[in-house]
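Each of the two chains sits in its own frame; use the hints to bring them together as a complex.
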Amino acid sequence: MILTALTILSGISGCKDQLDIVNPNVPTPESAKTEQGIISFAQGALYINGNIPDFFVRVVAVHERMGDMIGSSQVPSEVYCPDNITLDDGSNLVSIHPPGQKDYLRITNIPSMKYNSFYPEWRDMYSLNNAMNTLLVNVDQIEMSESKKNTIKTWAYFWKGFAYSRIGSMYYAGIITDEPFMIINNYVSKEAILAEAELNFSKAEELLKSLKGDLEFTEALNKLIPSVCQKGKGFSPSADEWLRHINTLRARNILVNNTTASMTAAQWDDILALTSNGIKQNDNTFTVRTDELGNLLCTYCYVEAQAIGPDADGGGFAAKVGERLIQEFKTGDKRFDNNFRQITAWIGPQYSGTGSNTRFVLVDKGNGMAGVVVMVDVEVGAHELYIAGSYEENVLMLAEANINKGNIDAGLALIDELRNYQGAGLAATAGTGLTSEQAKEELRRERRVGLAFRGFSFYDARRWGFLKNGRTGCVVVDFDGVVSTNATIQYGYLEYWDVPVFEFFYNPPSADSAPLMSPD
Amino acid sequence: MGFVLMFSLPGAAQDRLVHGKVIAATDRSPIPGVNIVCKGKAVGTVSDADGNYSLQVPASSKDIIFSFIGFKTVEVEVGEKSVLDVTLEADITELSEVVVTGTGVPTEKRKLAFAVESVAAEKLPVVPTASIDQALVGRIAGAQISSINGAPGSEISILLRGINTLNRGTQPMILVDGVQMGATMLSSIDPNSIEKVEVIQGASAATIYGAQGANGVIQLFTKKGKSGNMKVDFSFGMGTNEFLNVGGVRKAQLHGFATNANNEVINPGDNNPLTQALTQDSATLVYSGNVGYDPLDPATKFDKAYDQNLKYVDHFRMFFRPANTSNYRVGISGGSDKMDYNIAVSRMRQESNFRNDGYNERTNLTLNIGAELAKGLRLRSITQLIYNNNTINIWDKQDFGLGGNFGPLLTSRPFADFSMKDVDGNYGANFGSAAGINQFNPYYEFQYASSLDKKIDILQNFNLTYSFPKYVEVDLLYGLNYQTRNFRHEVRNQSLNQNSNERNYWTYWSNGGDNTGEITVHNMNRIFQNLKATASIHFDFNKDFNLQIPLRSITQITYDYRSDHLSRYKSYALGMPLMPPLSSALGTTFNVPDDYKEEFVTFGYLVNQRFEYKELAGISGGFRTDYSSSFGKGSKPFTFPRADGFFRISGLDFWNNSGIAKTIIEWKLRAAYGEAGIQPRPFDRYVTLGSRPIGNTNSLYIPADQNNPNLNVEVSKEFEVGTDMMLDGLDGNWLNNFQFSFSYWTRKTDNAIYRVDAPPSTGVGTILDNSVSLESDGIQASLTASILKSSNWSWNLTTNFSKQQSLVAAVKGDTIIDGNRIITAGQSVGELYGVWLLRHVDQKKPDGEPFIDPTEQLNYEVASNGWVLNKASKQPYISPDLYSLGNPNPKFMMTIINDFSYKKMLTFSFQLDWLNGNHVYNETKQWMYRDGVHADYEKPITINSEKGAWSAFYRGVYSPSSNWTKNYFYEDASFVRLRNVSLGIDFARIFNIDKINKLQLILSGRNLWTHTKYTGMDPEISSYAADWYEGTASSLSRGYDSNTRPNLRTYQFTFFVGL
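Order-wise, the sequence lines are chains A and B. Just add 391 to wherever you are in the first sequence, counting from 1, and you've got the numbering used here. Just add 13 to wherever you are in the second sequence, counting from 1, and you've got the numbering used here.
Calculated directly from the structure, the hints in this document are not laboratory data. Don't take every hint at face value.
[Stated by the list, open to error] Simulated restraints, written as ranges between beta carbons of each label pair:
1) A/Ser593 - B/Pro606: 39 to 45 Å
2) B/Asn242 - A/Val417: 56 to 62 Å
3) A/Asp480 - B/Thr288: 20 to 26 Å
[To be verified] Result set (DSS-like, lysine-lysine): computed pairs, CA atoms no more than 30 Å apart in a straight line:
4) B/Lys802 - B/Lys136
5) B/Lys34 - B/Lys324
6) B/Lys244 - A/Lys493
7) B/Lys960 - A/Lys424
8) A/Lys581 - A/Lys831
9) A/Lys493 - B/Lys857
10) B/Lys52 - B/Lys583
11) B/Lys209 - B/Lys960
12) B/Lys884 - B/Lys952
13) B/Lys960 - B/Lys884
Positions of the beta carbon are idealized from the N, C-alpha and C atoms, including for glycine.
Just chain B, same shape as in the assembly (with noise of 0.2 Å):
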């Protein structure tokens, strides 16, 4: 986004010419758009596109300053040269950056009243994934943002400040450059395109974005060119990487199955002594009959091994595989004083470590051009192409089936040998109850069915900026972006498999009628459009209005207009011929169950009006208005309101004039408050009926889950206070210079909409309100320190330090009780229930009644594992109600980020990421308990003083309370993660090799190490996500892992060249 300074140009008397040009230290590129003024004179000039300018210097004047957004001011003595060359070193202050995210009009971070998080993509690191989304993970102060789910093709989970609604998740505004990107996943945008990104967490900044501004607002800005020759960069990155399992996550390889006299594994069914081995089948494949398990019985142990009839098969080892993933980009890049350009095309592939299950591929092309159309007069095009074509299986995808093919893996036994193939060739979809009641093998659904997701997406931005003169700006932006999404999922005839028909077991996705197969085929697209049109007014009553007062007054007015419609069209038919080719049209059945259309619109102005003291204060104030087509033609607007102030304490004359200011250079306090919505979906208020074919005619009914006609939009308030500073440190290399960044903020929704329950006599399950009031607190900080800096040397540290935390303040009627969720007033958002088993025979509930009644107590002791079991029955004691397992959110965050550079040859770079007091429901471990396969099983433990791998505590820690959810399995999952590292080598630069300004090798890992107390695979997973369209980060279902992928770890090189 440009923006231009103004001059009043001067008609004093010449004396001089001076000429020069103007370069950044850091590339020695030329510099366009510096100031240049004569030191106590109104008299200056700006650098042209090469950074060359010339200025008619008075006689009367000693220096000229040099003054660019980004680089430290330099004050150049003229004295009698002509030519005057100037170098610009990046103000590593980053106190005068500029962001516009949340102040509307580009705004100096030094005069911010709110917390902005800028980060610069150079400074980010290079994921395997190549999304922006991974790379911003532990970037932003005060965000959790989360990379929860291994499949290729997640997105990541965003959560900014508090849990705010429960009805469309934590997800916050995307924008880029400036219009809502409203149809695109954020894990689609190449990150190599993008020039930096600011985020903006809570209401008090968000309020300009109005009533869906509430959960903050991520803001991408696309690289433009830069003026000068044609600069063309390549990069070439490949990459391994392997699931994580930090727990160490496998299966028993002993077992506790009734066996026969030379430990073969018997079918208890059988009395035969000739017969009763379990033997498979080698044309259906199934097992001759169940085992003989009593997993209950406190006789039982699994201490036998798998050296029989039945052989021990690593089901991880023979499915989880390490994938490659590859990165090319080509990127051109270049301009004039009246244009720019940048155009990149990047392919990145990612394969899946689940063995067969295919991968995904992404394609973008990006294009920024710009061009002066007339002085003042400039025009923006920044398109964006992404093509995404995806293969994973349906049942493994993040947005659809969450892990379908990893859990039936999970919970099989370990004997069933799932590449077996019958004697025609095909795999056997299940062996038989005897290998496993939840096992599903993953050759037969790759076998039978295959999954292609292909999107398209483009984002297209028109910016055009009109500066009049004087005092006026105007800048309209107008943003479409369209997303088709075609998604295919095809599953063969399985009719002349001999298991499946003898399991009556098959691959379905749509309608599990039979075995003959279908294809579904789901079309969904996506227009979001949004048109922005600001004017700002500028006026400094000084220069002006000639009037004595220090004072500059900004006057911003937008309009703001975003249509959103969405279409979704499925379809399926069922049965397939059994040879290829598949078609829907070849089916015997077709039926349509979705075919939906949404239609949104949001309009509103927003006016906001700012005033500057000096460079010492300034204070804003405004409102937003909104109109919303969820609440009908008829509806009012929403009214949102602003205010916020800052206060320089450095520059003030007395700070300036004493001592302090050489030790504290920069002092700001900063406060704002504002209020901002998030709407209720579309058709969240109006009441329906249901409809469904049977036989020839349509029946209407009453959906048991009803809408609300009297919903209102949620509103977020939010107040945060904060400081900026920076400081002098010591003098010479080492220490030289702090930043810190402190922000703490409050905020409360008051109508947060959620589902309540019904009496069921009513005839209706449940019915939305505005049911919930959600309040929410936190600190965020950040350290920027220079550790060392020397001609040759540079270690730069950046630590990120957040903590919230998320209550329920009030529930309407009363509490809502949602699965293993209980939504209760003073309890955190997101608060796992659960029943107990206790540590202590003589554990108090929280009432203070002791669980197990004196009487009982002596039949229990605490085992050597540290649980309370029943002496006889060896199984744990289970409370009978359910209690508070905990708030699973993180207790804070810290990341550390260490950047070394040497002679800018060789960099190496570094970042920890600390989540304290995270805890996870480890789900995937207790169907593993229930299916008795974990290695847990293996474990002995004493009890009445008999040792033993007794499965009856294991199994009895699942049965007999069921699925209910236990304190056992919520486990602590604070982790402390080496997310990234990095060493870059610039050959050019070593080689100073003439005509190549970069011949980069980078060499990263990602996900190295973890240190965990958390016995699942990945402590940073969790499964739930709000919805497939409303991105992944649901607001209550937290901390879960249930069957959920694991993240990868990741080696990768990647070459850049630059010419």
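Looking at chain A on its own, in the form it has when it is part of the complex (with noise of 0.2 Å):
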């Protein structure tokens, strides 16, 4: 079924009455039918429609809030609130939401609630992909070059990959639409909709190998892609590095969906493989900067920034730097020294949840130390922010496959690469002889610090089993301003999340859709 309504957009349709006056302030879309058109839709459908500013301020902050890096200081989430914590003197501190997130999020997920926690990224990734279905369409109707064409192609390709990876690591089922606006009512497993990404990834794939070394493959790009996002990594990739991008992406689907001890060698290969063929580190990737006017991102629309506070009070935004991200970096760690300053415990109110409470903040710029990574700079197109991977992130993946593959030391010199990389200034662990336990912890924590707020420590935390087991050894500080050093916490959160009612309430499942709740 189409919404009849929207056939205009999605270019099937002809020219419809011409007599209808033109409303003379908004392009129509007819304006994306021509080569220049079709290059400005290409660009917002990735950066506008794919709502860029609320995948970082709400997708990638709910994803650290829920990986405990970060805590709240206004918004009363028992999304975020963990069931239970168990305080260094036997107390209990238990959410403010009994019996705990799972139930809360599931009794949120009724109609009249439709803009729960489930919607924002379901909503981000299904509008970037209808975006990239209404690109493909119209694409092929346009007087272009071929090359260009495939460029369009390749980047709607990566990009549809790239929605359906996030939706198939984040939902227990979902939908694969090709056609713009379409309502499709099979829902399929998650485990579906990662191979759709794939099936994606492998058509922009495809199309790359054609393009490599082609002209107007790097001219049609250099459009695409804002400038303002066209400085440090964010200039247009080549064929190669693109090609790279995916591999990348492939290794993440495969690590963030599945346990790491459920984890096969086979699978720990193919990581290893991709890895091997991932994002280098002088690679250029998909970046965003905030600009002047907001229009792209505005100033604060991230989790970083959110987070700085130079006062006492624990800054005037809406994140706190979390006990459990601090604890992980090791003494010396310069990243830690350039980025951080103690402050006197600040303590949240008690309905903000417990991970609020923190001695710590977020430093804007850094602490001026030379070489060392500074994690946010509030000044307009000064950060910069990944949208789909990353060096740092490879790097690990592959260090990662390597520990697991008993290359041991291999494995910790890529730690130790991106350690130094970063500034971090620590010794090196490679040839200390680690054990392999050691270098995993190594290597956790590293993950947690070296791709701090980039949105993968809730993946983490459900591969590594926290969520289910809880985690121990937690710093904790209580409402008094008592710092527990060795608390459990015990989550409880939903490992996957089931399908936001805004979808099936509109769009009732078919007879044979696979179930849409996760069974958590």
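Pasting the structure below:
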């Protein structure tokens, strides 16, 4: 069933009633039917229909809150509130909304609360997918060179692959839809969604192979990426770089959708192979930066920027630096010294969840230590955010695969490589005779620290079993300012989210659909 | 609007000449245009501009009849007199009053087949805002006219018959002297320039206004000059206003924060006893830490005094102040038999009751000039120029900010001393989370930001009428309504403010990127034009065709053209210099987020045919056909039919000959049916792409909210029946006359436009669709009684009553869920949904299941405050699901107006408004509960045998279910309000001052007394507007108190001088 009103947009139906008055204020679907128009549309399809600000300020932020990297000063939400925390003195802090997050999420997944926590990531990714579907339908109707068309198609398949990857990595079921504005009521399992992601990645891969060395490819891609993003790592990637990017995302899909306990050797082999040919240190990737007017991303529209705070009050924004992030820094890590400052403990209101109390704030622009990574800089355009893959992610996946394959020193060397790259100033771990378990612990901490605020912490907490089994040895500041260093946190969070009610209420599943609710 | 009655002049025998003057009993002014005929003879004349007449009276004539619209007809025996002066009394029956709204052709009320409410402006109260809309509150039977925001310059909300559309609000069409006022707000009109107001309330009467008349029509008639000597009027008034706070809203004077042994509030993160007491930094004004506050801890009580390091600050006293209004007016009027003029200038100024928050100032110039250019050819020009200057802060304006400074102030913790300045002499924006999560200092806002909203409105009407000698009148109307609005909001560079830098808080409007300031300039222009050409053709079958049928025919053919051009241009510059002057040109970044044009054209034809049989009965029928640019050139027009009829039982001979006619002087039955439309917004049907600049390129994208090329006009169909009666009461002075009108109406809108959700997997958020059917019905009644009428005393009583309900009849596809409103078949429009707190532990859900599982029920009990609480946590039980909270719209409305007069020297009147069954969602209170500042926190309750001011209950009402709507805050906001009371003394009459017609002092009070159970500041307010240029009457968001400014209590005196 197609939403008939939207057929014009999809480009399927031709020119409609020419007699209608044109709204003089905004372009019409016709505007996208020239070479320049389709390029502008391809750009908007990612950066605007992909809801970039929402992606960073809501989606990534939710992952980072549930991954216990940050707390919240304001939003009293049970989504980020662990079911129970046992402090060092044996006392317990229970969720303010017993029995806990799972039930809370589900009682809010009802029609009257359609804008619930399940909604944003689903909406953003399907909006991105639909825009790319529309792009694919339209691009073939436009007179332009095959190379440029193929560049745009690569763009569309890659981002469709990305969207399906995120849906399949977060929701228990999803929808595969390739036609613009189509309502598809056949829900499929997350595994099928991830397979669809791979299908799109391989289409992009095929096209990219044909575009190697093509000057028109570079010319078109340069126009797709907004000028504000084209600095640092944000210049347009070459076909080879983009191919490596696909491999990184493929590796991620395997890594984050399996628990470490259940990973097979074959899966580690796959990750090893993919990340060996994944994003390299100097590769260009797809980045986003803030711009003066906030049309792409506004100054404080990402989680790191919301965690800065120069005063004893823990900052003015919604995010608080989590004690569970700080505890992962090894002594002497310059990344900590350069980016954080200790304050008199900030005690949040109890209803905002225990994770919010903190003794640390993130320092804007860092403390000026040469050669050390700066985790946030709110100066317009200064901070680089990664939409999809990055070198840092790839190198740690490669390290993890190596360690799990028994190449402990090779893995540790990669961790050292990342630490050096970020200016951590820590002693090398490779060659120090660490056991496999010790090496995995190095890797675990490095994923928390080296990939902080990038939106991996929820996936990691899931695959490491913390969501289900809880986590010991946590640093927690209680409401009297007392610091526990060996607290136990029972998160009890839902590992894969149910399909949001916003979808199934308006699009009831067909009889042969996969279950919409995770069995958790 | 003038019209001329025609007589066939006879060539009868001339016996003698009688002459004289006709004057009005009320003010002894001459009455021009009085029909003077010899009884039983086809001989007559009309009085001239000075009321003089002369008439050749046949010898056989005994009596002369003097009749004029609005006056009682007088029959005088002529006898042998040659001079006959006559005084006409105003016809209080009003049934002879002529109305034009909805009828097209001027028609006496006694011959109307539908309800038209008309109010003479002189009967409207003097209101401090000097705005016609405020004056109309309660005065129109059937209409819900509510004053929903107390910020100066706010519009009222008007709902006539039922909620018939969801897309465009309930705002009716406003006509001024026959043409639509499409750009100017009703609140801008000077009530003193208005002669009378007519209101038709639904489609049955509004068909003649076509595709956009379904919400009803309010028509204003501008005052004309009367022939005679020039009259000069002055008036001057001053008033003082204060915010209503009928619920006694205030903040808690006790607290429940963690304290040390000295009762000093401490920072719990600081374990050092020497430094843990909270202090405020004198440079940054920031507190040294957060407070220790666990409102959900069952042990936390609000029982500690602010008597040590933190002191209680009354934020209401700090910011709410009495403020003044002033009004001045000068008018001159006069005329001769060939022309008339009325010119007036008035000025109104109202200061904000929120300290430092600006004022609203309005100047009106009204010019009404009429001239007879040739016999039968009259031209009238009516001009209104309005200049409006409003400096209310943008965050506080009804049409932009909706209470921006009010909310943060209400939710700040009451120890924050916002008047405190730092060492540099600057205010602080935010004192740290100790002082409240949602605090923001209004003094800071006013130090760094200023708004200036300038509007110029022009209303120009031309009216050319020509009466052919026989049968045909032609009426040509052209109206131009122009508004230019320049809105400028300046925000100074705040980067030297230490508090702003420390806290990362600043004020802004357009772009909140940093604290370096900005200037936003909005320019809005609107040109609305309306051209109407009407030909009315009258035939009298008896007189004109010599047929022995007492039948009259009136045919109306109207061509009606309207065009609306709207443009908006908004720019902002960021990065202001640290020192004045501030100018957009000095900004470091410049952006134009809005450059918008909108054009709308509609035109159509109206054909209406009316037959009248004697004075007894009449029927009419017709249709209107409209083309609209919303549908493009190729589209078909929309056609709206209508029909009506009346029957005057009192016009039957047997009735007149029976005794009943002595008691029931007038009795009419009437019925009308009509259809009228509501247009989609001009571009609702056009599918577009979005466009946004990113870096140096423009991105195109798919808008999340999609338009719909298949949208139709919303058509509202209405049927009404009614009756009008006049009863003769007791003999003597008391209760000697009653007039009663009653109407029942029912209407339906089949294809109301509403945005419906699309499943997100389609990539679309919402799509506009003709998705809802709405049904409404109601009754309206009015009773006017002359309680006392003697030579010295009069006492008149008017009672207006109305009752209406609007239901959702059907929803296309499925239920529509929009926030806390669920639109589903069978329920009231605007019904609110929310979670429930319980009154009984074993309370059942609508499906019969208990809310609380029986095995859990022993953990709960009904606390002393009547709510079900968990005994251990002291938190209230809150249902996980949402249920209807009810329909916030009132069950009925009633207004009682009493007017007393003693020799016209002394007048006294008062108006009581009663809204019954009205409900308001008290979100203001919910937010004060959220932030733990509401005075209720001090109220002890007993739960589980423990008595205390347990914060777990109060905070528990808000959380854990966060910001959901709850039955706890859905309050009965029925009220009885003493809307207006006024005492007038006319010294000119008392002392019989020569040459001064009027020297009157009026002392008046508005909103002096309110009886309500509502616990907020004002039960009448409502927060949400449809949008900033559609007016303030949202269809769905009714009854929502969301930091809205309450109405004002006013004391005022006004002097009127008439020369």
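_Which constraints among the numbered hints does this structure fail? Numbers only, ascending._
5, 6, 7, 10, 11
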